[in-house]
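Residue numbers (the numbering used here), protein chains in the order written: chain A, 9 to 233; chain B, 8 to 296.
Treat the hints with caution; some may be incorrect.
Said to hold, decoys possible - Which chain A residues face chain B? A few, computed with CB under 7 Å, are given here:
1. PHE25
2. ILE29
3. ILE193
4. LEU199
5. LEU205
To be verified - Computed Cβ-Cβ distance ranges for the label pairs, DEER-style:
6. MET88(A) <-> PHE70(B): 36 to 44 Å
7. ALA62(A) <-> VAL44(B): 37 to 45 Å
8. GLN142(B) <-> ASP198(A): 18 to 26 Å
9. SER94(A) <-> TRP110(B): 17 to 25 Å
10. PHE16(A) <-> SER137(B): 37 to 45 Å
11. GLU180(B) <-> ARG227(A): 38 to 46 Å
Simulated from the structure, these hints should not be mistaken for lab results.
Small disclaimer: the values here were computed from a predicted structure and weren't measured.
Virtual Cβ for every residue (Gly too), placed ideally from N, Cα, C.
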Amino acid sequence: MENYLSLFETYDVPAAFWVNIQLSFWAAIWALAIGTVLALFRISPIPSLQWFGAAYVNIFRNTPLTIILAFGFLGLFSVMQISLASDLNLSLFRIAIVGLALYHAAFVCEAIRSGVNTVPLGQAEAARAIGLSFLPAARLIILPQAFRGAIAPLGNVLIALIKNSTVAAAGSVATESSGLMKTMIEFRSDLVIPIFLTFALGFVILVIPIGLLTTWASRKLAVAR
Amino acid sequence: MSVQQVLFDAPGPRARRNILIGNIVGVLVVLGILAWVVSALADKGQLTGSMWSPFLESRTWEFFILPGLLNTLKAAGISIVTSVLFGLIFGVGRLSHAAPIRWFAGLVVEVLRAVPVLLMMIFFWLALGSSGAVQPQDAPLIAVIIALTLYNGSVIAELVRSGVHGLPKGQREAGMAIGLTRNQSLRSIEVPQALIAMLPALISQFVVILKDSALGFIITYPELLQFTRRLGVGEGNVIPSLFVAAAIFIAINFALSTLATRLSTLLSFRTKGRKPAAKGAIAMDAAST
Numbered sequence: 009m010e011n012y013l014s015l016f017e018t019y020d021v022p023a024a025f026w027v028n029i030q031l032s033f034w035a036a037i038w039a040l041a042i043g044t045v046l047a048l049f050r051i052s053p054i055p056s057l058q059w060f061g062a063a064y065v066n067i068f069r070n071t072p073l074t075i076i077l078a079f080g081f082l083g084l085f086s087v088m089q090i091s092l093a094s095d096l097n098l099s100l101f102r103i104a105i106v107g108l109a110l111y112h113a114a115f116v117c118e119a120i121r122s123g124v125n126t127v128p129l130g131q132a133e134a135a136r137a138i139g140l141s142f143l144p145a146a147r148l149i150i151l152p153q154a155f156r157g158a159i160a161p162l163g164n165v166l167i168a169l170i171k172n173s174t175v176a177a178a179g180s181v182a183t184e185s186s187g188l189m190k191t192m193i194e195f196r197s198d199l200v201i202p203i204f205l206t207f208a209l210g211f212v213i214l215v216i217p218i219g220l221l222t223t224w225a226s227r228k229l230a231v232a233r
Numbered sequence: 008m009s010v011q012q013v014l015f016d017a018p019g020p021r022a023r024r025n026i027l028i029g030n031i032v033g034v035l036v037v038l039g040i041l042a043w044v045v046s047a048l049a050d051k052g053q054l055t056g057s058m059w060s061p062f063l064e065s066r067t068w069e070f071f072i073l074p075g076l077l078n079t080l081k082a083a084g085i086s087i088v089t090s091v092l093f094g095l096i097f098g099v100g101r102l103s104h105a106a107p108i109r110w111f112a113g114l115v116v117e118v119l120r121a122v123p124v125l126l127m128m129i130f131f132w133l134a135l136g137s138s139g140a141v142q143p144q145d146a147p148l149i150a151v152i153i154a155l156t157l158y159n160g161s162v163i164a165e166l167v168r169s170g171v172h173g174l175p176k177g178q179r180e181a182g183m184a185i186g187l188t189r190n191q192s193l194r195s196i197e198v199p200q201a202l203i204a205m206l207p208a209l210i211s212q213f214v215v216i217l218k219d220s221a222l223g224f225i226i227t228y229p230e231l232l233q234f235t236r237r238l239g240v241g242e243g244n245v246i247p248s249l250f251v252a253a254a255i256f257i258a259i260n261f262a263l264s265t266l267a268t269r270l271s272t273l274l275s276f277r278t279k280g281r282k283p284a285a286k287g288a289i290a291m292d293a294a295s296t
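So here's chain A without its partners, still in its complex pose (with noise of 0.2 Å):
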């Protein structure tokens, strides 16, 4: 036991999931933002934007993360030179950032498209009775009711964010979790399974609360039809 909680003086754990929960966070924004826009390509009337929502989504959710997040660093960084800071890490941390938005931004637009398909088609009809063009009927009819019927697999699509965070490892930010415990195994292999297992913990507590939330939150703000 003194021997399990010599661990926490030697290595920072709390610090290495709030490096997880920050790049969670700003990706969680980004992909947000980017797939938001995406699903409006989607369903908007015009063929090359439909294209382009369709094209993105196979590209990045048929691609492993994995090579995403190497091509941040093996490729944009090392080969490109491409810096998005001074300092070396924060640099490889803002890519690591921009990979993991890049990759959920598909989901999160495919998360809205299945909100959209639950608004019913009589939503859409009156709001081109009463006179708004797309845009119009968008943002003010459709949008509102599809982002609350999405409130369910956005959730998901967090979680499974959160959890792929540990993937950045593949893009050299080595003082999130799955690096820390990698590196604590190492020179502690007498603990091995209780390293696994504070880790393993850490991230249920992440997540299931997250989880709770979100189906509490989707039942809540159903629209009552």
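Fit chain B to the given chain A structure using the hints.
Relative to chain A, chain B alone:
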């Protein structure tokens, strides 16, 4: 709601003109983004012939891409089989009428779905490697398979459960009426029907398994990404190599996704009753790495 037809009226002359203008602007913007990416790549000399010519040589495919792809397919293939087995066992466990079995299966499934696959993979890799239970060179493959099985098996268990819940109640009642016990009715009547109804979601989960097998890259399993990175470092063409690896993954996954969509249209004519699987459950798992 079928979106495309109802969000806007059948366009009149003015709307057609606006759509045309929007279309032209859209094409220009998309082409602009593409041109910017291409010029950025060209600036760093990534588009020269020598960068891409290795992919025309047979040794590149023979020694790098095909062995990598084979290892990826091996890990994914074994994981698919073991995940389905795991999912069937725990899915039926969650439906058991013996409360302790139900609770245990429920706890296992909920916890495993909340733990990142990568953490499990790193744990099994290091634990197996240091324990000496397996040959050190086998540890990465086994770790990949165990981690993918535990996570995706749990997701499939949820699919089985929601598939059975989606069946009409009469199916179980008919089973009971001809004298089957609840377990017999579950095994021989409900689960087989649920499996057919959940086939599209199951195939989408195979896409997730294939994508997640690339996590083996991080624990030194020599899968496609690992081999293409080696190739890229050796030939000095990391970016083209990663593009090729991504293209291979996209092609396979796109084919599987298309199959899933086709199947779900086909099956919508043949399965009775409510649609299986809460939408959210599928969306969540699709969003995994």
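Here's how the hints hold up against the structure:
Residue-level restraint check for PHE25(A) is violated (minimum Cβ-Cβ distance to chain B is 12 Å; threshold 7 Å). With 7 Å as the threshold, the beta carbon of ILE29(A) stays out of range of chain B, its nearest partner Cβ sitting at about 13 Å, so the hint is violated. The criterion of a C-beta within 7 Å of any C-beta in chain B is met by ILE193(A), whose closest approach is roughly 5 Å, and the hint holds. With its C-beta approaching chain B no nearer than about 11 Å, LEU199(A) sits outside the 7 Å limit, and its interface hint is violated.
Proximity of LEU205(A) to chain B is violated relative to the hint, the smallest CB-CB distance being about 9 Å (cut-off 7 Å). About 27 Å separates the C-beta atoms of MET88(A) and PHE70(B), a value inconsistent with the hinted range of 36 to 44 Å. Evaluation of the 37 to 45 Å hint for ALA62(A) and VAL44(B) yields a failure: the beta carbon distance comes to about 19 Å. Here the CB-CB span from GLN142(B) to ASP198(A) is close to 22 Å, well matched to the stated 18 to 26 Å.
For the pair SER94(A) and TRP110(B), the supplied restraint of 17 to 25 Å is violated, since their beta-carbon distance comes to about 53 Å. At about 22 Å, the beta-carbon gap between PHE16(A) and SER137(B) misses the expected band of 37 to 45 Å. In this structure the hint that GLU180(B) and ARG227(A) lie 38 to 46 Å apart at CB is violated, the actual value being about 29 Å.
Hints 1, 2, 4, 5, 6, 7, 9, 10, 11 from the list above are not met by this structure, while the remaining hints are.
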